[in-house]
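Peer 1: From just these sequences and the hints, can you work out the full model?
There are 4 protein chains.
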Amino acid sequence: MMTDEVLWSQAGTEKHRRILDAALEMFAEQGYAGTATAEIARKAGVSEAAIFRHYKTKKDLLIGVVAPVLRVVAPALVADVKQIMSQRYPDLRSFLAVLVKDRVGFVRRHHRVLRIALQELPFHPEVRAIVDEVFVRDIYPHATGTITDLQRRGEMMELAPELVMRTIISITAGHAVHRYYLRPGAPFDEAVEMELLVRLLSKALGPER
Amino acid sequence: MMTDEVLWSQAGTEKHRRILDAALEMFAEQGYAGTATAEIARKAGVSEAAIFRHYKTKKDLLIGVVAPVLRVVAPALVADVKQIMSQRYPDLRSFLAVLVKDRVGFVRRHHRVLRIALQELPFHPEVRAIVDEVFVRDIYPHATGTITDLQRRGEMMELAPELVMRTIISITAGHAVHRYYLRPGAPFDEAVEMELLVRLLSKALGPER
Amino acid sequence: MMTDEVLWSQAGTEKHRRILDAALEMFAEQGYAGTATAEIARKAGVSEAAIFRHYKTKKDLLIGVVAPVLRVVAPALVADVKQIMSQRYPDLRSFLAVLVKDRVGFVRRHHRVLRIALQELPFHPEVRAIVDEVFVRDIYPHATGTITDLQRRGEMMELAPELVMRTIISITAGHAVHRYYLRPGAPFDEAVEMELLVRLLSKALGPER
Amino acid sequence: MMTDEVLWSQAGTEKHRRILDAALEMFAEQGYAGTATAEIARKAGVSEAAIFRHYKTKKDLLIGVVAPVLRVVAPALVADVKQIMSQRYPDLRSFLAVLVKDRVGFVRRHHRVLRIALQELPFHPEVRAIVDEVFVRDIYPHATGTITDLQRRGEMMELAPELVMRTIISITAGHAVHRYYLRPGAPFDEAVEMELLVRLLSKALGPER
DNA sequence: GATGAATGAGGTTTCATTCAT
DNA sequence: GATGAATGAAACCTCATTCAT
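Same order as they appear, the protein sequences are chains A, B, C and D. Position one of the first sequence corresponds to residue 96 (my numbering), numbered consecutively onward. Position one of the second sequence corresponds to residue 96 (my numbering), numbered consecutively onward. Position one of the third sequence corresponds to residue 96 (my numbering), numbered consecutively onward. Position one of the fourth sequence corresponds to residue 96 (my numbering), numbered consecutively onward.
Some clues are possibly wrong.
Identical copies go unnamed one by one, so any copy, or any two together, can satisfy a pair.
Here are the simulated DSS-like pairs of lysine-lysine, each with C-alpha atoms no more than 25 Å apart in a straight line [stated by the list, open to error]: (1) Lys196 x Lys153; (2) Lys110 x Lys138; (3) Lys110 x Lys298; (4) Lys138 x Lys298; (5) Lys154 x Lys298; (6) Lys110 x Lys153; (7) Lys151 x Lys196; (8) Lys110 x Lys154; (9) Lys151 x Lys138; (10) Lys110 x Lys151; (11) Lys110 x Lys196; (12) Lys138 x Lys196; (13) Lys154 x Lys196; (14) Lys298 x Lys151; (15) Lys196 x Lys298.
What the hints contain is simulated information worked out from the structure, not anything from laboratory work. Keep in mind it's a predicted model, so treat the numbers as computed, not measured.
Peer 2: This is the structure in structure tokens:
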């Protein structure tokens with residue numbers, strides 16, 4: 096089960112990796128502005144100066160934590176989606192089953208980075224730019240094609256692709272926010288929850304009677 | 096149309112009100128940790144010391160900004176919901192139409208306080224406590240009754256009330272997040288969006304075929 | 096005998112004045128880059144934060160130390176010079192006697208600020224700008240008039256006023272540099288030195304045989 | 096035309112030379128305290144560690160930059176002066192012509208090192224020691240001899256040799272300061288300026304009428 | 001012999017909070 | 001009651017210097 100820490104491809108040294116791990120955890124827990132570089136250094140077991148050797152500023156460190164996941168990992172997963180999309184499914188439900196499973200897994204693996212990205216989105220133009228870029232360039236175009244295809248085949252209601260995406264994201268994210276943000280630590284059965292998400296989305300987005 | 100600033104019932108003096116207005120705006124824009132008390136004082140046109148006359152600490156000020164809306168206003172609106180719920184509707188759709196309109200209006204009026212509450216939720220137990228309290232005490236019980244009633248009448252699919260609520264909140268919040276958080280300033284037609292929300296929720300939550 | 100410290104007209108409070116005094120002394124002794132704000136604070140007997148309450152940055156403090164003398168005091172002395180210039184002297188020598196005495200006194204009173212100004216001149220455009228401004232606007236024009244007048248009366252050799260000034264300044268400054276910079280603390284007789292300066296300048300600038 | 100960089104006789108390797116060149120330039124431009132060793136390393140195209148292989152401390156590097164010029168080059172030029180002095184001149188003016196030309200050339204070739212030496216003089220006893228040593232041991236004795244000789248021959252006014260030297264240095268340095276320090280980059284005609292210096296010095300130091 | 005990584009000490013600046021006036 | 005001044009603590013960041021590789 097790949098976790099965020101595995102993908103510090105930029106980090107050459109062991110200490111560099113520890114810095115990124117610590118920053119990831121602290122930023123997710125306390126927010127960017129609420130985390131002191133000294134705390135990160137302490138948690139990483141390095142000197143503060145070591146942080147600033149790798150990142151000129153604290154904000155560069157934030158970018159260094161958030162960017163890899165959004166820029167390196169997201170597109171990789173988009174490839175999965177493309178592969179998912181390129182296949183034929185007997186119906187909308189089977190398609191959603193595969194898609195939702197993939198997305199839920201993505202969120203599970205990267206929920207801390209995603210939390211940071213969302214939390215800092217309104218405060219840092221740089222973070223917003225990365226999110227925009229990934230969505231507009233990598234995700235949106237492919238999704239549009241698949242959605243219109245499903246609609247042409249009568250499997251999905253007529254609705255602007257953008258709104259279809261927003262609906263899928265809303266329901267999936269609602270689940271994620273509840274799980275990781277509002278009730279962290281609460282027990283839950285991922286398979287059951289996923290089955291529910293698929294059911295709700297199938298009904299909501301299925302063709303109108 | 097009532098706005099956040101109107102409800103500083105606690106604020107006796109003009110200055111006190113200006114402090115709360117300034118804090119509301121800065122906390123929403125820059126986050127709690129990213130806002131200096133000096134900035135708030137400057138924006139409010141008062142001395143920093145004036146802030147600390149009314150609030151012992153900066154965190155007290157945060158509570159002073161967030162609590163009124165969640166504690167005073169939310170229950171007031173719950174009363175509306177109760178009234179909404181107590182009526183009989185020809186079908187699920189008409190019910191959702193009224194409910195969604197009410198909720199969307201609430202978010203429109205208080206979106207800055209809501210943003211602060213959500214942003215600071217994970218960092219301040221005090222804020223989380225308020226949100227929990229309002230939900231568990233005021234909203235959840237009433238909603239449960241109404242939902243089971245609708246299900247008994249065959250208007251709504253069988254699903255734990257908590258999950259029904261989460262679905263309604265997810266889709267409504269997804270809309271709000273998009274509007275106020277991801278694309279602030281983008282033009283949009285509230286009536287059309289609300290109609291869409293109702294349509295999607297009707298389909299998602301309607302009885303299974 | 097007025098000293099630098101007297102002219103902190105900008106300093107409202109006792110502590111503010113102590114900050115400027117300490118900064119003046121430390122900058123003169125150790126240079127701008129070689130002086131820590133903590134040292135200044137300690138010497139002034141205030142907290143470091145107090146410094147940054149009055150001056151946004153360390154460089155602003157430098158300007159705050161240098162500017163008053165160059166901008167407020169220099170023009171005041173220029174007025175003296177103007178008055179000196181407007182009188183008639185029996186010969187070049189008596190004129191130079193008055194002028195040199197005035198200048199030497201100025202340097203004696205403000206040698207620390209002048210030292211700072213000269214030391215930091217090449218590193219800070221702001222300091223250079225002030226020096227340029229004072230010279231070009233206040234000193235150069237008046238001096239030009241007087242010099243050409245003396246030349247018309249046959250008391251002074253023919254030479255571009257700018258070069259006359261540079262000669263006067265060179266010899267006077269050479270004396271000052273020796274006294275305050277190269278051999279600080281060495282005993283010396285100001286009256287004798289001044290008499291020598293006048294003698295050399297009279298000969299150098301007198302009409303050619 | 097020899098420049099500073101040529102005389103790094105101590106520098107065995109190419110890298111060592113590049114370090115000294117870079118240090119010379121940065122110290123002259125930004126001052127010793129205002130220059131980081133990292134900047135020097137970057138400009139020299141070597142690692143910071145390389146600097147500390149050659150010089151134990153940053154201050155040692157300063158000495159390594161300043162000392163060669165003052166200790167190795169200055170005496171060499173003193174030899175020239177000695178040779179200049181040992182000749183007979185028809186009058187003071189021709190003597191000064193040769194001397195001034197020599198000195199002005201020296202300053203032109205080494206103005207950056209001289210600037211550093213002057214700038215750092217008050218902050219580093221080591222630098223002061225070198226300057227003192229060169230003056231007291233190499234330059235002063237020879238100059239004294241020559242000056243008294245000229246005075247015995249009636250070519251020069253009666254004045255303590257030290258003061259004669261200070262006068263020559265003041266006027267020459269005034270010219271240099273103007274050229275390299277106050278108005279760097281301004282166009283000027285060295286021959287004309289030198290002629291002026293000789294004229295002024297001849298008049299100032301000539302026998303009294 | 002050279003370097004990239006690392007760091008302790010210290011740099012400037014900001015912050016929430018207090019207090020004399 | 002309100003404020004301008006003040007501050008201790010801590011923020012982010014830089015520096016000269018060392019050391020494992």
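Peer 1: Are the hints correct? Go through all of them and say.
Peer 2: Hint check:
1. Taking identical chains as interchangeable, the C-alpha atoms of Lys196 and Lys153 are never at most 25 Å apart, the minima being 35 Å within one chain and 43 Å between chains.
2. Proximity of Lys110 to Lys138 under the C-alpha cut-off of 25 Å is restricted to the intra-copy arrangement: shortest distance 11 Å within a copy versus 28 Å between copies.
3. In this assembly of identical chains, the alpha carbons of Lys110 and Lys298 never lie at most 25 Å apart, being 50 Å within a copy and 52 Å across copies at closest.
4. In this assembly of identical chains, the alpha carbons of Lys138 and Lys298 never lie at most 25 Å apart, being 47 Å within a copy and 49 Å across copies at closest.
5. For the homomeric pair Lys154 and Lys298, neither the shortest alpha-carbon distance inside one copy (43 Å) nor that between copies (44 Å) is at most 25 Å.
6. In this homomeric assembly, Lys110 and Lys153 come within 25 Å of each other (Cα to Cα) only inside a single copy, at 17 Å, whereas the closest approach across copies is 29 Å.
7. In this homomeric assembly, Lys151 and Lys196 never come within 25 Å of each other (Cα to Cα): the closest approach is 39 Å inside a single copy and 48 Å across copies.
8. Only within a single protomer do Lys110 and Lys154 lie at most 25 Å apart by alpha-carbon distance; the minimum there is 19 Å, versus 32 Å between protomers.
9. When the C-alpha separation of Lys151 and Lys138 is checked against a cutoff of 25 Å, the pair qualifies both within a copy, at 19 Å, and between copies, at 19 Å.
10. Taking CA atoms no more than 25 Å apart as the test, Lys110 paired with Lys151 passes inside one copy only; the shortest distance there is 16 Å, against 27 Å between copies.
11. In this assembly of identical chains, the alpha carbons of Lys110 and Lys196 never lie at most 25 Å apart, being 35 Å within a copy and 53 Å across copies at closest.
12. When the C-alpha separation of Lys138 and Lys196 is checked against a cutoff of 25 Å, the pair qualifies neither within a copy, at 34 Å, nor between copies, at 48 Å.
13. Neither within a single protomer nor between protomers do Lys154 and Lys196 lie at most 25 Å apart by alpha-carbon distance, with minima of 33 Å and 40 Å respectively.
14. Taking identical chains as interchangeable, the C-alpha atoms of Lys298 and Lys151 are never at most 25 Å apart, the minima being 50 Å within one chain and 52 Å between chains.
15. When the C-alpha separation of Lys196 and Lys298 is checked against a cutoff of 25 Å, the pair qualifies both within a copy, at 17 Å, and between copies, at 22 Å.
Against the hints set out earlier in the document, violations occur for numbers 1, 3, 4, 5, 7, 11, 12, 13, 14.
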